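Residue numbers (the numbering used here), protein chains in the order written: chain A, 11 to 177; chain B, 455 to 776.
Hints were generated in silico from the structure; no laboratory data involved. There's no promise every hint is true.
[Said to hold, decoys possible] So the derived list for chain B, only partly shown, Cβ under 10 Å to chain A, looks like this:
1) A465
2) A483
3) G597
4) G600
On a predicted model such as this, the values are computed, not experimentally measured, just so you know. We put the beta carbon where it would ideally sit given N, CA and C, even for glycine.
Listed below are the residues making up each chain.
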Amino acid sequence: MTDRPAWTADEALEQLYAAHWRGLVRLSVLLVRDQGVAEEVTQDAFVAVHARWSRLRDPDKALAYLRQAVVNRSRSALRHRAVVQRHAATLRPIADADPTPTSDRRAAVLDAMRALPDRQREVLALRYYLDLSEAEIADTLGISRGAVKSHASRGAAALRLLLQEEL
Amino acid sequence: MNDLHDLLHDAVADVEPTDRLHELRARTADPARAAARPWWWAAGATVLATAAAVAVVAVVSDGSDAPGPAHHHHGMAMDPTTSTQLVAAYFIGDSPEGPRLFREFDRVESGNPLEVAQVALTSAAIDPDYRTAWPSGSIADTGFDGIGDDGQISVVLDRSSMLHRPEGLSRAEAELAIQQVVYTFQASMQTRAPVRFFYGMGEPADQVYGVSTPDPVEADPSALNPVSVSDPAEGNEYAGSMIARGRVQSTEELMDWAVLDGQTVVAQGNSTIDSGDGTFSPWSAEVDLSRLAPGRYTFIAAAGKVGRGSGPFTDTRTINVR
Chain A
11 MTDRPAWTAD EALEQLYAAH WRGLVRLSVL LVRDQGVAEE VTQDAFVAVH ARWSRLRDPD
71 KALAYLRQAV VNRSRSALRH RAVVQRHAAT LRPIADADPT PTSDRRAAVL DAMRALPDRQ
131 REVLALRYYL DLSEAEIADT LGISRGAVKS HASRGAAALR LLLQEEL
Chain B
455 MNDLHDLLHD AVADVEPTDR LHELRARTAD PARAAARPWW WAAGATVLAT AAAVAVVAVV
515 SDGSDAPGPA HHHHGMAMDP TTSTQLVAAY FIGDSPEGPR LFREFDRVES GNPLEVAQVA
575 LTSAAIDPDY RTAWPSGSIA DTGFDGIGDD GQISVVLDRS SMLHRPEGLS RAEAELAIQQ
635 VVYTFQASMQ TRAPVRFFYG MGEPADQVYG VSTPDPVEAD PSALNPVSVS DPAEGNEYAG
695 SMIARGRVQS TEELMDWAVL DGQTVVAQGN STIDSGDGTF SPWSAEVDLS RLAPGRYTFI
755 AAAGKVGRGS GPFTDTRTIN VR
């Protein structure tokens, strides 16, 4: 990047989109399960990174910001959906429309991830899907490295237990 | 450990997202428009559809005696463990200069920080001196779209009637109610990001409880009671001695504390205040309880001469001595 002038926000958006759109949507699918919601969440994260480009100005920082935004927004989306469904449950049975059914095994993995507590799910996705280091995960989630360790080991144990037949 | 790596990669290997670059270009071309609503405004169609049904019912049931939609009181259903955490929630209490906000640390079931704060805020305070302007179910949803001090906290009111000041809530309390939300959610997210209120399907609430809120609301330090007790928590039990702690905003060098049996002072002392420059600073005191008979007492922290001199401002806790 040293041989070219710094990107404008629009250029940064295009470059980041080309490199990370698919990976970040997939990360969000691991967190929220639903692909439509994952795309909305990830799109919002890209809009946010575009708005803050003048302060980030660096592709690595921008990527870290995008990851953090995707994780935070995925968590909020889950919570929002839980609230809406709890409301809706009192009105009528929820149509069990789950728009991302894949193979049985894939569905089982996504279901198992959804069954984990938020933090465990997030740590596992960042560690085993994005292959982030403990320190990077700690930064992304705003928790200590010790907490990352403990969520990772509990999460991995819980996931293995839930997926005994798949592993 | 490679098994989990392979498993997670495989689980999303066939996810091929829709190309949204055009949509992104359109949204980023006009950032003001993109930020005008809570972030989930454009969320997936299924979510919106159920939200629409909820909004209709909420309006229909508004003002009647019929029970509205069920509101979660203790969320966190996803967490199979029952670990708990402390959450700082702000409540309304009385001071010599009218109502002020007081901070209370409540122990609640662990979970998403915003949800945990929402539960604490819409539940009764443990300290009977405090009250909340936010009854159970009054906040339908919350979100935070930023990181650090960037961004905005979104708070969705459950009913459009909450735009207006209810009977029984004074103008001063209504303003504190807004700050109750700002301080509690800012504390939960450890941010100074302002709070934007919404109602219904994500319509911006330009007033809340009759208080004008056309812009995102920032924290207003004048809403806070100048002295607060963090420890002891209300109803704590002690034997021998206790450490009391809190924050105080004072131009004095010392803050007085006392232990009361009814109206009688049975122990007293004072703590050095670090700054004394009128900003909030921590105080602490080791309180000897060894000569007190077992029973209920009141611990009181008092800060005099804070502002206009009508003090002292106080904060109290009931304690039990074994």
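For each hint, the structure was consulted:
1. A465: Status holds, d = 4 Å.
2. A483: holds (9 Å)
3. G597: holds (5 Å)
4. G600: holds (8 Å)
When each numbered hint is compared with the structure, no violation occurs for any of them.
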